[in-house]
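Engineer: Here the structure of chain P is known, so what remains is to put chain H in place on it, guided by the hints.
Number of protein chains: 2
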Amino acid sequence: GVAPAVQAQTVLRWRLASSFPKALDTIYGAAEVFAKKVGEMSGGKFQISVHAGGELMPAFGVVDGVQNATVEMAHTAPYYFFGKDETFAIGCAIPFGLNSRQMTAWQYEGNGLKLMREFYANYNIVHFPMGNTGAQMGGWYRKEIKTVADVKGLKMRIGGFAGRVLERMGGVPQNIPGGEIYQALEKGTIDAAEWVGPYDDLKLGFFKVAPFYHYPGWWEGGPQLDLYINTKAFNGLSAEYKAIVEAAAAYAHTEMQAKYDARNPAALTQLLANKTKLVQMPVPVMDLAFQESMGLYSELMAKNPNWKKVYSDYAAFRKESNRWFRYTEAFFDNYMQSKVNKL
Amino acid sequence: GVAPAVQAQTVLRWRLASSFPKALDTIYGAAEVFAKKVGEMSGGKFQISVHAGGELMPAFGVVDGVQNATVEMAHTAPYYFFGKDETFAIGCAIPFGLNSRQMTAWQYEGNGLKLMREFYANYNIVHFPMGNTGAQMGGWYRKEIKTVADVKGLKMRIGGFAGRVLERMGGVPQNIPGGEIYQALEKGTIDAAEWVGPYDDLKLGFFKVAPFYHYPGWWEGGPQLDLYINTKAFNGLSAEYKAIVEAAAAYAHTEMQAKYDARNPAALTQLLANKTKLVQMPVPVMDLAFQESMGLYSELMAKNPNWKKVYSDYAAFRKESNRWFRYTEAFFDNYMQSKVNKL
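Residue numbers (the working numbering), protein chains in the order written: chain P, -2 to 340; chain H, -2 to 340.
Quick caveat, the hints were computed from the structure, so don't treat them as lab data.
Don't take each hint at face value.
No distinction is drawn between identical chains; accordingly, a pair holds when it is met within one copy or between any pair of copies.
List of simulated lysine-lysine pairs, DSSO-like, C-alpha gap at most 30 angstroms [what the hints assert, rightly or not]: (1) K239 <-> K42; (2) K300 <-> K81; (3) K316 <-> K339; (4) K316 <-> K42; (5) K81 <-> K239; (6) K336 <-> K305; (7) K272 <-> K316; (8) K274 <-> K111; (9) K33 <-> K152; (10) K184 <-> K149; (11) K336 <-> K149; (12) K140 <-> K42; (13) K149 <-> K339; (14) K306 <-> K140; (15) K143 <-> K184; (16) K239 <-> K272; (17) K19 <-> K239; (18) K305 <-> K339.
It should be emphasised that the depicted structure is a prediction, and the values quoted were computed from it without experimental measurement.
Bound conformation, chain P alone (with noise of 0.2 angstroms):
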């Protein structure tokens, strides 16, 4: 018939509100992926224009953005509207949080996706995976951390949650933005500074003036980023569109995760010929880290009955996944690590 015809002539357009700028490629990248993706898929049909932060909005602004209809969608790191409500930090990491694949796990076979979509339709969101960075380092240092007494008083670049724990542990967290971390490193206003991991802090030359990495980056296990999408105008779109969106997010999640489990070794290497001091976070830090993260979450669990909802069906899978992966996974990893030189 005529409408079928006409209806394929039609190009839907569509905007995505990126919250990193471009020279993060690897997590910027992830839309691009994404909206090309869907393009492809759609042959041609249904265009997505990716937006770097600030490009449309403020780079914090897309939740806003998205709730309001000012844009379609939008790429994003959910911890960074904790101020919001403490929630959707969730659903991209907490505190000793789920590492990558359990956190794909709870969402795709848990009860993550389900829970967080209740959560965010409070926001006019629906959301899907899209991409994790893996567990990312303990950031740089200018001094290493040797006792729990060198985290006091420390002045530390740190994402916005994580710094609620920081701040338990008597650290001063700072609140920095990316392209200005380096100079305050640099002069000593800052103690320390955290980012990502290999491939993304290299290109920012910490490793020149605060030579001490330590790891792990204990808030950020297995970070997940997602695509956020207006409720109604998702509703609008066709079965096919629908699908073909889920599987698009589908691709970029896992292939986000890739780049980085394949960039990260030969960044790491570069580092250490640079003089990048690698150092393991000292376990009594870890302890009251983790003392300290547990203390925050009981008490959001009587202040918030969003978190509540929320965190208990999370740390549950976290607690039973942990059981699980702490035989076959874990010594097949340890065990291939130790032999590392004769491989």
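Structural biologist: Structure of chain H alone, referenced to chain P:
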């Protein structure tokens, strides 16, 4: 115009031959998830029927089936076909190989997809990664393995390529179909058998007749399943359908790992409640297996040019990858696992 409208009505019908029985719902299910997504994304105009192992052709006849275009597609574990060429095994799992995330990274962002496609071209196959089980368990044993001496003469049901290493260790690999393992273990015709992991193993009830459940499955740190497509059939698809196939495979790839990660924990708990004795494989046994695996690979480097080309790249990726994974990823995971009773 008329042409697009007519084309829009045409339904493309393809057949996919799986190597798996429907009872392996996570693995077999990945092909169903894939087919469903392709159907949804194409508005029902690209229909793929999924057939269990043995339905259209023998479970291990699917490479021939795709090569000869008896079917357009297959879903299988490439290592089944190491008898044709050992290089097939690298596309799935080899002893002391890549883990699940590393394998996806090698395929998506390393040279894995490119190199395996060059190899598969000899069989008229284009492949897409479509599923991973994660690190498998080391199998069920009637008697605990305590020393390397316990492996001598051990009659074990074990997947093909790994059997070559077991043989070098003094064991006696047995080839027994899934449905007959239980009885063979019960009667003592075999001493041990490996299958997959808790979720699949629980269903077959091995814990009743062989209580020692060793980990890890050093021969399967992250076995990848593949979607095989006849090259000519794939090349005949429109650009839209090619992109849809790729994204649907990526969706199924990620979802299958998520299913295992979400379902293995509860199955393990159930097995432990049923007197399963979970035991680490002794390090000297691991070391012997490692040494014999590397010995086998050296021999294949000299004998098989396809192996040499692909394995050289794979091995370099594995080394670099483990050099990175042993720091922040491993320490984060190990720490979380150590705190499992406080989560």
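Engineer: Each hint: holds or not?
Structural biologist: Hint check:
In this assembly of identical chains, the alpha carbons of K239 and K42 lie at most 30 angstroms apart whether taken from the same copy (14 angstroms) or from different copies (16 angstroms). In this assembly of identical chains, the alpha carbons of K300 and K81 lie at most 30 angstroms apart only when taken from the same copy (14 angstroms versus 63 angstroms across copies). In this homomeric assembly, K316 and K339 come within 30 angstroms of each other (Cα to Cα) only across copies, at 9 angstroms, whereas the closest approach inside a single copy is 34 angstroms. For a Cα distance limit of 30 angstroms, the shortest separation of K316 from K42 qualifies neither inside one copy, at 45 angstroms, nor across copies, at 43 angstroms.
Proximity of K81 to K239 under the C-alpha cut-off of 30 angstroms is restricted to the intra-copy arrangement: shortest distance 28 angstroms within a copy versus 42 angstroms between copies. For the homomeric pair K336 and K305, the shortest alpha-carbon distance between copies (21 angstroms) is at most 30 angstroms, but the shortest distance inside one copy (43 angstroms) is not. For the homomeric pair K272 and K316, the shortest alpha-carbon distance between copies (21 angstroms) is at most 30 angstroms, but the shortest distance inside one copy (38 angstroms) is not. Proximity of K274 and K111 under a CA criterion of 30 angstroms is satisfied in neither setting, with 42 angstroms inside one chain copy and 36 angstroms between copies.
Taking identical chains as interchangeable, the C-alpha atoms of K33 and K152 are never at most 30 angstroms apart, the minima being 41 angstroms within one chain and 52 angstroms between chains. In this homomeric assembly, K184 and K149 come within 30 angstroms of each other (Cα to Cα) only inside a single copy, at 20 angstroms, whereas the closest approach across copies is 65 angstroms. Taking the shortest Cα distances, K336 and K149 sit within 30 angstroms of each other only across copies (24 angstroms), while inside one copy they are farther apart (38 angstroms). For the identical chains of this complex, K140 and K42 are neighbours neither inside a copy (55 angstroms) nor across copies (62 angstroms), given an alpha-carbon limit of 30 angstroms.
Only between protomers do K149 and K339 lie at most 30 angstroms apart by alpha-carbon distance; the minimum there is 25 angstroms, versus 41 angstroms within a single protomer. For the homomeric pair K306 and K140, neither the shortest alpha-carbon distance inside one copy (40 angstroms) nor that between copies (45 angstroms) is at most 30 angstroms. Proximity of K143 to K184 under the C-alpha cut-off of 30 angstroms is restricted to the intra-copy arrangement: shortest distance 22 angstroms within a copy versus 58 angstroms between copies. Taking identical chains as interchangeable, the C-alpha atoms of K239 and K272 are never at most 30 angstroms apart, the minima being 49 angstroms within one chain and 46 angstroms between chains.
In the homo-oligomer, the alpha carbons of K19 and K239 lie at most 30 angstroms apart both inside one protomer (27 angstroms) and across protomers (28 angstroms), since each shortest distance falls under that limit. Taking the closest pair of Cα atoms, K305 and K339 come within 30 angstroms of each other only across two copies (18 angstroms); inside a single copy the shortest separation is 48 angstroms, beyond that limit.
Checked against the numbered hints above, the structure breaks hints 4, 8, 9, 12, 14 and 16 and satisfies the rest.
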